[in-house]
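Undergrad: Next come the chains, spelled out residue by residue.
Number of protein chains: 4
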Amino acid sequence: MKALVYLGPSQKALQDRPKPEITAPSDAIVKMTKTTICGTDLHILKGDVPTCQPGRVLGHEGVGIVESCGAAVTAFKPGDRVLISCISACGKCGPCRQQMYSHCTTGGWILGNSIDGTQAEFVRIPHADTSLYPIPEGADEEALVMLSDILPTGFECGVLNGKVQPGSTVAIVGAGPIGLATLLTAQFYSPAEIIVIDLDDNRLEVAKRFGATATINSTNGKALEAVMKLTGNRGVDTAIEAVGIPATFEMCQTIIAPGGTIANIGVHGKKVELHLELLWDHNISITTRLVDTATIPLLFKTVRSHKIDPKRLITHRFKLDKILEAYDTFGNAAKTNALKVIVEAS
Amino acid sequence: MKALVYLGPSQKALQDRPKPEITAPSDAIVKMTKTTICGTDLHILKGDVPTCQPGRVLGHEGVGIVESCGAAVTAFKPGDRVLISCISACGKCGPCRQQMYSHCTTGGWILGNSIDGTQAEFVRIPHADTSLYPIPEGADEEALVMLSDILPTGFECGVLNGKVQPGSTVAIVGAGPIGLATLLTAQFYSPAEIIVIDLDDNRLEVAKRFGATATINSTNGKALEAVMKLTGNRGVDTAIEAVGIPATFEMCQTIIAPGGTIANIGVHGKKVELHLELLWDHNISITTRLVDTATIPLLFKTVRSHKIDPKRLITHRFKLDKILEAYDTFGNAAKTNALKVIVEAS
Amino acid sequence: MKALVYLGPSQKALQDRPKPEITAPSDAIVKMTKTTICGTDLHILKGDVPTCQPGRVLGHEGVGIVESCGAAVTAFKPGDRVLISCISACGKCGPCRQQMYSHCTTGGWILGNSIDGTQAEFVRIPHADTSLYPIPEGADEEALVMLSDILPTGFECGVLNGKVQPGSTVAIVGAGPIGLATLLTAQFYSPAEIIVIDLDDNRLEVAKRFGATATINSTNGKALEAVMKLTGNRGVDTAIEAVGIPATFEMCQTIIAPGGTIANIGVHGKKVELHLELLWDHNISITTRLVDTATIPLLFKTVRSHKIDPKRLITHRFKLDKILEAYDTFGNAAKTNALKVIVEAS
Amino acid sequence: MKALVYLGPSQKALQDRPKPEITAPSDAIVKMTKTTICGTDLHILKGDVPTCQPGRVLGHEGVGIVESCGAAVTAFKPGDRVLISCISACGKCGPCRQQMYSHCTTGGWILGNSIDGTQAEFVRIPHADTSLYPIPEGADEEALVMLSDILPTGFECGVLNGKVQPGSTVAIVGAGPIGLATLLTAQFYSPAEIIVIDLDDNRLEVAKRFGATATINSTNGKALEAVMKLTGNRGVDTAIEAVGIPATFEMCQTIIAPGGTIANIGVHGKKVELHLELLWDHNISITTRLVDTATIPLLFKTVRSHKIDPKRLITHRFKLDKILEAYDTFGNAAKTNALKVIVEAS
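Protein chains in written order, with my numbering: chain A, 1 to 346; chain B, 1 to 346; chain C, 1 to 346; chain D, 1 to 346.
In case anyone wonders, no lab produced these hints; they're calculated from the structure.
Honestly, I wouldn't trust all of these hints.
If several chains are the same, the list does not tell them apart, and a pair holds so long as it fits within one copy or across any two.
As the list claims (entries may be wrong) - Mimicking PhoX-like on lysine-lysine, the simulated pairs with C-alpha atoms at most 20 Å apart in a straight line are:
| hint | residue 1 | residue 2 |
| --- | --- | --- |
| 1 | Lys163 | Lys307 |
| 2 | Lys163 | Lys322 |
| 3 | Lys301 | Lys229 |
| 4 | Lys163 | Lys271 |
| 5 | Lys229 | Lys270 |
| 6 | Lys319 | Lys222 |
Model, not experiment: these values are computed from the prediction.
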């Protein structure tokens, strides 16, 4: 089968690989129909993810059709259309019992990381019963690709952890795909204000279209002043970090109101400074989270009832044999204005 | 009247001061019976609290008898025995409505800080109806002095923010008075393990007597290893910082289990390093809080029903005219083994 | 001044009454600009509310301008435009500290009940600082009249108590003004389905326009079957009772899914049957609540940011001297299709 | 093997039955070491549980040793000592994902009900990975038998649903084994008062020994007056129904304070009256729940750390071949003072 293989820092190729086989009774083999590329795949290609070794098939998102099932799989059968969670979860261990699937003792984020992933014609899904989700007849599968990772990430790590509430004031720092997914799902809770902050005017325009009530280009270094003006000098109830660098995390610390929550989504490569000398008495919370995808069933319902249209995040489409082109387009988002690209595997 | 007055860094004196008078209809004048000294008073004396200017009467804890009331005070009358909250709260503003009294727009921690405090024969209490609490007939007033600040601080900032639960594993970093108050109130929730970490063996012995299930002297720099051994390499569900320096806050980051909470109590004078490069995917929370004293009524009930004995924190007693001696004793806790000292004002 | 006075069962009149005066330092006198009539006023007129004695000025909703303030009022001054909460709250007692203002020991629902109310040219508001809310420049005051009672009632007793969540399934039993207010505010949380059940097709059509995803006319006694068909035989996550009679409360018991919540809003005059022989193992919750109006500030923000348009509830407008006509119109809603009527006092 | 078999209303026998066999890959066969008898077994014998048909081996509690495992079982292997949950849970379905194991679509309470149970030498456990719990070396297995059902029932349905809090006031109506299990686990949260109400002085004496702060014999019909006297006429924050008849559920309605919670544990055979005409504005919650046993891991930790001693519930011990005697003793608790009886199967 064709598969996009990581070959070491800055190296990847579309290769022929043997079709995966069932290795445990709880496995399923899924024939991919659509997958996508994640910012994390670019991180891997920079060599930033040591758990991902050369030779690995990348990808942890997508939809497909069950090809075969191990003997212990009871929820699915060959032919079922399924959504693949980016997080594999056994459903049995301590963390899984708490719906903290990201810390499953035999799963978590392993797809396209420590085991072969979804940017291929077929993929082996461990713990299939608790890592796949049935796609109902007539659903728009392209939209559902956004439920593998990006929408639950924005919703769980940003919106839920950030305790977004009706009438509250939210700032989202970073208007990349993940910041925009956060923006879309934040509106489930009807906050009064959603301020989006970024360096790129194009992205800020998209944010406006996606529901931001105000946008701030922070290039001039005056984002703090702008937020304070917008909030009557009070700051925001929720500040969501969707970039992953020290500067944006520090910005969150300056704009958060007493009693507020800073919800970190960004993947950080460096330590940051925490200004406890200012914040120790501000009654704030700071949260971190790797997405658990525990809200996929909830998000399914919001899509089906048209509370959200995940396809707004999709800007480009490619066939699997053009996946290198898809990587180029996604990797040059500043030029291409790419948000999420769909890769059609069959 | 006699009053302990801050005269600038490292300077204080017991002086004669005019008796305070009612200046707003919601004020009450309270004749102090017992007060105490807080670690924060020592901070002021180091010159670390710029809001507190020379000439200020110190003290923000204590019990007394209502001497007179402004026209708008409805909950108290002269002669009532009262507990004074260290936090003055108007009960009307946005933060007060959320029980975040520490951020009351016309109150908060002002006693013995920006207005004269309780280490005196009399004190003016603003917003009396919502800043005083009635003491029932027959209650042990000495015990209740611990409810002005130290017990709600340990309970709200450490135990409640830290989400201590039955069966959970808790570490308290710092076994000074505030760490010990946290230790006492953590037991309201029956955690399975409470590990107390400090540099001082005497304090750790007190912690053992107060209910710690394990103690660690971190002088050897091996606290992390010791915690991991005690927790089967998992870390703790709740790590409570009760010191206020970078080293102890960093220790909390190393011992916290995925899904856990770091609850900061310490008053920090410097920024700290936050290792988001390690913690971004650990699903943790970090909280800060200035005590709101919203739990004083709850704590009252636990004292009355003997769920806690706050007097265990009291080690020394002085008359008000010996308050300089009381400061010496409290300030040299390493030698004197002082925890909380009672100062009898009348 | 002119005032609508309750004179005993089925009797009311527009009378001349002395202008109210300040009787406590925390009182304010408010010159009414707009008020409205509540279903509860009709209950009083049926003689169903024994706390309301003949001679009482009715009304517990409205907006106005502060005319004068007692000495203890600090948040308002003459000339301020204010929203009046239907619940008077001292902000000091145990229930008020918990934001359970409805059970304030010296307040609660007293306006137009045990003290004179708002259907008059002037009204005395006790505990003014915590029972009035400032109206910002430029706000639409007519819309805000809906925030005195009906919107917080639907939101607090129905939506919040009912734990409406993104993607969840909600049934609202009763499409009168209060059911419709619940329908409007339920959408703050983006539930997937909101099924509205009533006997009146006109009201159900309004519900459709207001956002119901399905409506059921229960006249044929087959509402249960219809709900089960709509929910794949599972029942609803939240059932909100907005009528106040045994039949509708029993319907809620039949349609609630395991793990769900029945939130009662209705004012009940009779006991009801609770089918514990069926529900004891269904993991459900049932809640009751008199509105606390603790969410008025939140609702203010949702109105200002156009998350909700409360004016959709307003169907008729009258001058105060035509208030008897307003009562007729509101009392004959089946004919007049009245929802809320605005009465202009000045 | 020997097994206690239900033969229809009022009929049971100790019979020879074939040893159970694995029928699904997720099954395990457990060799029983200790089991017990539950009040629900007596209900079955009265013919009150139609899902339990004649021929069924009774019992849903106990500890044992894994004899064999299906191919999909990964958490256990032959020889492992295990605790059996009374609730079988697949860990995969919608309710299981929410930890509402009691409503597992292919499990729930089936043991000793719709499939053969634990009062036998061997039992087949479906969904073994998520229905068994490992027993650590050196644990007291007799104590752990109480974790199969009775302790999680008291804790989940009574204490957690009832929101017992430090300093709060709790009433437990019914001092049978389940009421006493509730009493023991309520103390995890340090409520100020736990009032236990029953008709039997012996049981009330046990309640006193187990930590009740007050007991009321309600034979004289004056329990309400007694509770009101004990609570300063306020009522209780939490009322826990642990009997299952209309009279006790109605008592809970009379003693609950505004803002409080009635947590039902009792298995009800009849509908009850709910006094909404009194309670509609009391801001109360009523909860029902079939135990989910989701807290078994938590309870394990509280037992291991000596926060609770479950053996206090054990009054009698029998060998399996004397199980009919055990039933007699347990069934005549009024005479024998039996709480829980241990039946040793091997």
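Undergrad: Give a verdict on every hint.
TA: Here is how each hint holds up against the structure:
Taking CA atoms no more than 20 Å apart as the test, Lys163 paired with Lys307 passes in both settings, with 19 Å inside one copy and 18 Å between copies. Within a single copy, Lys163 and Lys322 get their C-alpha atoms no closer than 41 Å, and across copies no closer than 47 Å, so neither meets the 20 Å cut-off. Proximity of Lys301 to Lys229 under the C-alpha cut-off of 20 Å is restricted to the inter-copy arrangement: shortest distance 17 Å between copies versus 37 Å within a copy. In this assembly of identical chains, Lys163 and Lys271 lie within 20 Å of each other by CA distance neither inside one copy nor across copies; the values are 25 Å within and 26 Å between.
Taking the closest pair of Cα atoms, Lys229 and Lys270 never come within 20 Å of each other, the shortest separation being 31 Å inside a single copy and 28 Å across copies. Proximity of Lys319 to Lys222 under the C-alpha cut-off of 20 Å is found in neither arrangement, the shortest distances being 43 Å within a copy and 51 Å between copies.
Going through the hint list in order, the structure does not satisfy hints 2, 4, 5, 6.
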